[in-house]
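Student: Chains A and B, in that order, give the protein sequences. So the first sequence is residues 0 to 473, counted in numbering that gives the first Met the number 0. So the second sequence is residues 0 to 191, counted in numbering that gives the first Met the number 0.
It should be emphasised that the hints constitute simulated quantities derived from the structure, not laboratory data. Since the model is a prediction, treat every value here as computed from it, not as a measurement. Everything hinted at is true.
No farther apart than 30 Å at their CA atoms in a straight line, the calculated lysine-lysine pairs in the DSS-like style are these:
| no. | chain 1 | residue 1 | chain 2 | residue 2 |
| --- | --- | --- | --- | --- |
| 1 | B | Lys173 | A | Lys220 |
| 2 | A | Lys29 | A | Lys307 |
| 3 | A | Lys20 | A | Lys454 |
| 4 | B | Lys38 | A | Lys220 |
Label-pair restraints from in silico Cβ distances:
| no. | chain 1 | residue 1 | chain 2 | residue 2 | range |
| --- | --- | --- | --- | --- | --- |
| 5 | A | His461 | B | Gln168 | 32 to 38 Å |
| 6 | B | Arg65 | A | Glu14 | 40 to 46 Å |
| 7 | A | Gly154 | B | Ile112 | 24 to 30 Å |
Where a beta carbon is used, it is the ideal one built from N, C-alpha and C, also for glycine.
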Amino acid sequence: MQSQRVKPAVVETTETFLGPKQTYDTVTGKIADIVLTPIRKTPWGWPIGFVLAALGLMLYLYSLAVLFTVGVGIWGINVPVAWGFDIINFVWWIGIGHAGTLISAILLLFRQDWRTSINRAAEAMTIFAVACAGIYPLIHTGRPWLDYWLLPYPGTLGMWPQFRSPLEWDVFAVSTYATVSILFWFVGLIPDIATLRDRAQNIWVKRAYGLASLGWRGSAKHWQRYEVATLILAGLSTPLVLSVHSIISFDFSVSQLPGWHVTVFPPYFVAGAVYCGFAMVILLLIPIRRWFGLHNLITMKHFDLMGKVMLASGLIVAYGYFCEIFFAWYSASLFEYQLILTRTIGPYAWSYWALIILNVAIPQLLWFKPVRYNLPLLFFISLCINVGMWFERWVIVVLSLHRDFLPSSWGFYTPTFWDWATYIGSFGLFFVLFFLFIRLLPMIAIFEVRDLVHKTHAEEAHAKIGASGRAGEA
Amino acid sequence: MLRRNTQKAPKAARVVQPTLYGLSAQFDDADAILAAAEKTRAAGYTQIDAYTPIPVHGLDEALGFRRTRLPWLILLGGLIGAAGIFGLATWVNVFEYPINIGGRPLFSWPAFIPITFEGMVLLAAFAAVFGMLGLNGLPMPYHPMFNTPNFERATNDLFFLTIEASDPQFEIGKTRQFLESLGAQQVSSVEN
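So here's chain A without its partners, still in its complex pose (with noise of 0.2 Å):
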């Protein structure tokens, strides 16, 4: 595979899942040679991907550290914005992880092929993102060594949390759903490590691989259980990946601000989830197929349909976006009316219509075919729709604390250099991890895309049985 040769001309499969002539052997060999092929044989994107991650990961643990030992005052946040980069991140990051659990679970469950080669990275994608997400909430209370208040136990102090308040469900709806997403993960990933096990030369890697992969050996007792825990497990996490953008967005929804207090709320922020999370995996496996020559694996009309539920959901935050517009109306109330007043012609109109821009009208494009089959122009429009997203969250979080109901306690917020600082360097750790990840674990679940072979044979089989059978009665 190593050997020198011209690269041939990459023939793109548009119209299925799987490239021409594949078989089980060469779909293994080919996503499980990624994780075996020695370091420094690896695609030149890998180290130098991973020195970059490493730097925003050293930022983010020195900007961590500056944040334990000065306080949250280093951060731009004040009265009236008491909540700034910190709550804004957080949303962002775990909206990205929601689409993962949606092509892992929710496609599963509609028994979509297609999930089939791109669910494992989005798996790890939701891990990492949710992991990001859940810093952010813990540092932003100032004093996060005493984080461990937020969780109910028996203590000394006598003091137990508040069950009544989305504060306090989103302690349980974040660390519930970082579980089961790490549970399902490791699930999914054991045939695979046994796999690995199976093909690694070193002994040692061989041996990690076997005590990761637990001893697996394919029974058919096994796999019958395996099937369906798998299966509950989706339909699980279908219900649970709603329920926690669900709970993220009353965070905002249950208090009185113009501007959160709206029902449209969960449907809206789940949407805007599955909108960006889709569009950070189109971002990641763009080059990463690139490098590694997935192309067999990852067609064009995986891109094709990626494409089509970032439409359709953006179609849904869009018209989130009106609804929004029409309540202020509707209500007939002052403040939700000059809520939107602010949001379009006030100091931060330019972030509102940065967001209209990024989020509804460049995506656009998505409705035309070639806008679909286009990697460069799609990575482009993945893009946009990350920063738009992360635009929304700045509207819903900042417009709406800086100008309440008195004038008099009306603000500003100002990202200071530390609120960058932390919010790129949790790329670091973001990117740290994906790399880890790409080079030590299957990117693609192996046996998955084997059971597609076989699935795609026994179809072809069909068709030329098919085919001989009426040019027989001809």
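Using the hints, position chain B against chain A.
Tutor: Chain B in isolation, oriented as in the chain A frame:
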């Protein structure tokens, strides 16, 4: 020298001839092993299992496996999770640590529903994953099947059907002949 020998002696004596775990037939196709499994079951063998790189649809029925009770375990986990969290929230907010907020009722159960749901999902997921692993007897780093020739390809492109020596009908010559008659690529004996 002599001392070392005496130390080694009991170890050497413990090496016994490996016993037979079963006979394993190798196939390279999911449909072939499905057909073979059906015939094996029809021939009256009961202590049988298949080892496949993909979950083969219908193989569990062909081998005569009963449906798994895992779903009941998961239901139980979910019920315990839901009842546990709802009970905790009720006990804390009504009895242990009641806070009067503007005279609103202490037992405000609708506010407990979101965490009740999360608790249900969490414990159901634990039951699904650890129940699956537990019923499967995993983790199990060693298993006799790993001694089968080519078994490292059971996680890639080969399918194995094994009749275990504990089967009442097992007779090494006859069983081997039977497995060969199923169109296996190769039949090998598997030692414990």
